[in-house]
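K.L.:
Here are the chains, one letter per residue:
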Amino acid sequence: MHPAFSVIFLTTLIGVAQGLFLALFSTQLYSELNILPSVSESNFYGIGAVISLLLLVGGLIASFFHLGHPERAWRAAAMWRTSWLSREVLALPTMMAAVFFYGVIHLGGYDGIAYTIGGINLSTSLFVGIFGVLATFILFVCTAMIYACIKFLQEWSTPLTVVNYILFGMASGFALATALASYLGLTEHVSFLGNWAIALTILVLLTRSASLYRNSRIKFKSSVQSAIGVRHNKINQISQGAMGGSFNTREYFHGKTAAFLKSVKYIFMVLVFPVPLILLFSAIDTSNTGVLFAAFAIQYVGLIAERWYFFAQANHPQNIYYQTV
Amino acid sequence: MTQLALIIDLNVCVGCSACVTSCKEWNTSGPAGFMSDDNPYDKDPNGTFFNRVQTYEVGEYPKTETVHFPKSCLHCEEPPCVPVCPTGASYKREQDGIVLVDYDKCIGCKYCSWACPYGAREIDEHQKVMKKCTLCVDRIYDEALPESERKPACVLACPTNARLFGDVHDPDSNVSEMIREDGGYQLMPEWGTQPSNHYLPRRKNKITIHEDELIRVDNPLNKEQKKHHDPVDEPTLEDNSYI
Numbered sequence: 001m002h003p004a005f006s007v008i009f010l011t012t013l014i015g016v017a018q019g020l021f022l023a024l025f026s027t028q029l030y031s032e033l034n035i036l037p038s039v040s041e042s043n044f045y046g047i048g049a050v051i052s053l054l055l056l057v058g059g060l061i062a063s064f065f066h067l068g069h070p071e072r073a074w075r076a077a078a079m080w081r082t083s084w085l086s087r088e089v090l091a092l093p094t095m096m097a098a099v100f101f102y103g104v105i106h107l108g109g110y111d112g113i114a115y116t117i118g119g120i121n122l123s124t125s126l127f128v129g130i131f132g133v134l135a136t137f138i139l140f141v142c143t144a145m146i147y148a149c150i151k152f153l154q155e156w157s158t159p160l161t162v163v164n165y166i167l168f169g170m171a172s173g174f175a176l177a178t179a180l181a182s183y184l185g186l187t188e189h190v191s192f193l194g195n196w197a198i199a200l201t202i203l204v205l206l207t208r209s210a211s212l213y214r215n216s217r218i219k220f221k222s223s224v225q226s227a228i229g230v231r232h233n234k235i236n237q238i239s240q241g242a243m244g245g246s247f248n249t250r251e252y253f254h255g256k257t258a259a260f261l262k263s264v265k266y267i268f269m270v271l272v273f274p275v276p277l278i279l280l281f282s283a284i285d286t287s288n289t290g291v292l293f294a295a296f297a298i299q300y301v302g303l304i305a306e307r308w309y310f311f312a313q314a315n316h317p318q319n320i321y322y323q324t325v
Numbered sequence: 326m327t328q329l330a331l332i333i334d335l336n337v338c339v340g341c342s343a344c345v346t347s348c349k350e351w352n353t354s355g356p357a358g359f360m361s362d363d364n365p366y367d368k369d370p371n372g373t374f375f376n377r378v379q380t381y382e383v384g385e386y387p388k389t390e391t392v393h394f395p396k397s398c399l400h401c402e403e404p405p406c407v408p409v410c411p412t413g414a415s416y417k418r419e420q421d422g423i424v425l426v427d428y429d430k431c432i433g434c435k436y437c438s439w440a441c442p443y444g445a446r447e448i449d450e451h452q453k454v455m456k457k458c459t460l461c462v463d464r465i466y467d468e469a470l471p472e473s474e475r476k477p478a479c480v481l482a483c484p485t486n487a488r489l490f491g492d493v494h495d496p497d498s499n500v501s502e503m504i505r506e507d508g509g510y511q512l513m514p515e516w517g518t519q520p521s522n523h524y525l526p527r528r529k530n531k532i533t534i535h536e537d538e539l540i541r542v543d544n545p546l547n548k549e550q551k552k553h554h555d556p557v558d559e560p561t562l563e564d565n566s567y568i
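Just so you know, the sequences run in chain order A and B.
By the numbering used here, the letter at position 197 of the first sequence is numbered 197, and the numbering carries on one by one without gaps.
Plus 325 on top of the position in the second sequence (first one is 1) and you've got the numbering used here.
Derived from the structure by calculation, the hints contain no laboratory data.
Misleading hints may appear alongside valid ones.
[As the list claims (entries may be wrong)] Short, incomplete list of chain B residues facing chain A, as computed with Cβ under 7 angstroms: (1) N371; (2) T380; (3) Y381; (4) V383; (5) G384; (6) E385; (7) F394; (8) P408; (9) P411; (10) I432; (11) C434; (12) G444; (13) I448; (14) G508; (15) Y510.
A quick note: this is a predicted structure, and the numbers were derived from the prediction, not measured.
All C-beta atoms, glycine included, are put in the ideal place defined by N, C-alpha and C.
Chain A with its partners taken away, still in its complex shape:
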């Protein structure tokens, strides 16, 4: 497929935002269960929610560049019964609303104790957060299923696509949360969030490697024989009906060489996994804000390459009809 940067930025930006929100929520949950110390006056949750919301808005703006008629985008909420894209269109604002209220409660100082159980005080914002977490995971599934549900795009049509989208988002979001906690001077939270970022990055290294391995051994169901229905082992295309190229030659092929594709794979395998892992390992104990931000930034750049590769690697069966001019 031809990778569109609007979709690359949409999926990576909202992935970070979703991961960041999950990091905020888990930090708050651990604090209220007295496993972690309170974030006290630092406004970690409030600032984090603002950043998460800005990233979600950024992703939404990026997605508009993918549309031919952005002014009709509101119509996209209509077919949620059948379309994962439509479901995503509903899930994204739902999550934005949850993050917005979560941020407002924290920044405006509206938080209070909503429920007390066994001497543990659970605040109102935590319950808003639970709603946000639900919305976050629904959004993760919707985004990934847009790709995973197309069964003849065999590189995408696997549960690993959903797993990877969730884990990539969480890993990058936790990395950003680590850097933010370090910036706000929350030393103990840095190691909590940083270790989660490391664990998630290692986990997604395993699942993404699994999907790369699967895709390298994929057996395509369609062939030129089934495409035109002629049963002969030797079929060559002579013409594709258009000499100047067409939508079919532009939309479904990345237009780069195999060597370029391979180099993008190596670039993201380095930038998403080992480099941020080394930086996180080295900077968690000292809580070096600059290095932790660098870890996130490098991983994010790597994720752009990863998403580009994700699209470019998918082989659409319609390309069988467009083998030669």
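Based on these hints, arrange chain B on the given structure of chain A.
P.N.:
Same frame as chain A, but now just chain B:
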């Protein structure tokens, strides 16, 4: 239920592209607006088309056969492009099974084109909406036209009758009979899309005749050494009658 469709006979298609030009002509001047072109007479021509004729060479040179392969929307019975549409702009008509795009609802997200394994949909680069074969829905029901012309433009244009139009759900229709009798098949059956358009394969119009089938070796007259008389020399019934 009616399912209108095209039957494309690869046995007689000569690849003249008359269906391509007539399709473009009819649909670019239709009520749904033009089909935009860029540089049509220049370098890198590019434009919106609903139908194309491709050519394939089957076999190894010089023992090859050229197959011309017209390709347009197949109006699947299970169209994978329809459920993925977020706005409902893509739909399959209940009454005749034609898969259509509502150009006023389409947001141009191209998701349906990803979800079509045949690459039958394309975005109009200027109107920014998804377009595809409509089976000339603005023509086949037009009562202002004589009944014989209420067919898709490509069908009327085909000089070799390689394109046929009809209801493939009606077992007595001409097209159903051709699918049945002449080995009609669907493209990429592995994805379960059940295309309504069918293709008829190349058919060999030759029979093998051995010499003994031309000269009857077991003719009993030959055995008895009786020569066959030329019937012209013999009196006919008329000669023997008294009328």
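K.L.:
Take the shortest C-beta to C-beta distance between P408(B) and chain A; is it under 7 angstroms?
P.N.:
holds (4 angstroms)
K.L.:
Mind checking the CB of V383(B) against every CB in chain A and telling me if the closest is under 7 angstroms?
P.N.:
holds (5 angstroms)
K.L.:
Is the interface hint satisfied for I432(B)? The criterion is a beta-carbon contact with chain A at less than 7 angstroms.
P.N.:
Holds, about 5 angstroms.
K.L.:
Identify whether the interface hint at G444(B) stands, where standing means a beta carbon of chain A within less than 7 angstroms of its own.
P.N.:
holds (3 angstroms)
K.L.:
A closest beta-carbon separation below 7 angstroms is what the hint needs, so does F394(B) meet it against chain A?
P.N.:
holds (5 angstroms)
K.L.:
Less than 7 angstroms between beta-carbons is the criterion; does I448(B) satisfy it with respect to chain A?
P.N.:
Holds, because the Cβ-Cβ distance from I448(B) to chain A comes to roughly 6 angstroms (cut-off 7 angstroms).
K.L.:
Against chain A, with CB atoms and a cut of 7 angstroms, does the hint on N371(B) hold up?
P.N.:
Since the shortest Cβ distance to chain A is 5 angstroms, the answer is holds.
K.L.:
For the hint on G508(B), just tell me whether its beta-carbon gets within less than 7 angstroms of chain A.
P.N.:
Violated. Min distance 10 angstroms.
K.L.:
Given a cut of 7 angstroms on the nearest C-beta pair, is the interface hint for E385(B) held or broken against chain A?
P.N.:
holds (5 angstroms)
K.L.:
Does the closest beta carbon of chain A sit nearer than 7 angstroms to the beta carbon of P411(B)?
P.N.:
With a minimum Cβ separation of about 4 angstroms from chain A (threshold 7 angstroms), the hint on P411(B) holds.
K.L.:
If you take the shortest Cβ to Cβ gap from Y381(B) to chain A, is it below 7 angstroms?
P.N.:
holds (5 angstroms)
K.L.:
Just to be careful: measuring from the Cβ of T380(B) to every Cβ in chain A, is the smallest value less than 7 angstroms?
P.N.:
This hint holds: T380(B) lies near chain A, its Cβ roughly 4 angstroms from the closest one there, short of 7 angstroms.
Hint 14 from the earlier list is the only one contradicted by this structure; the remaining hints agree with it.
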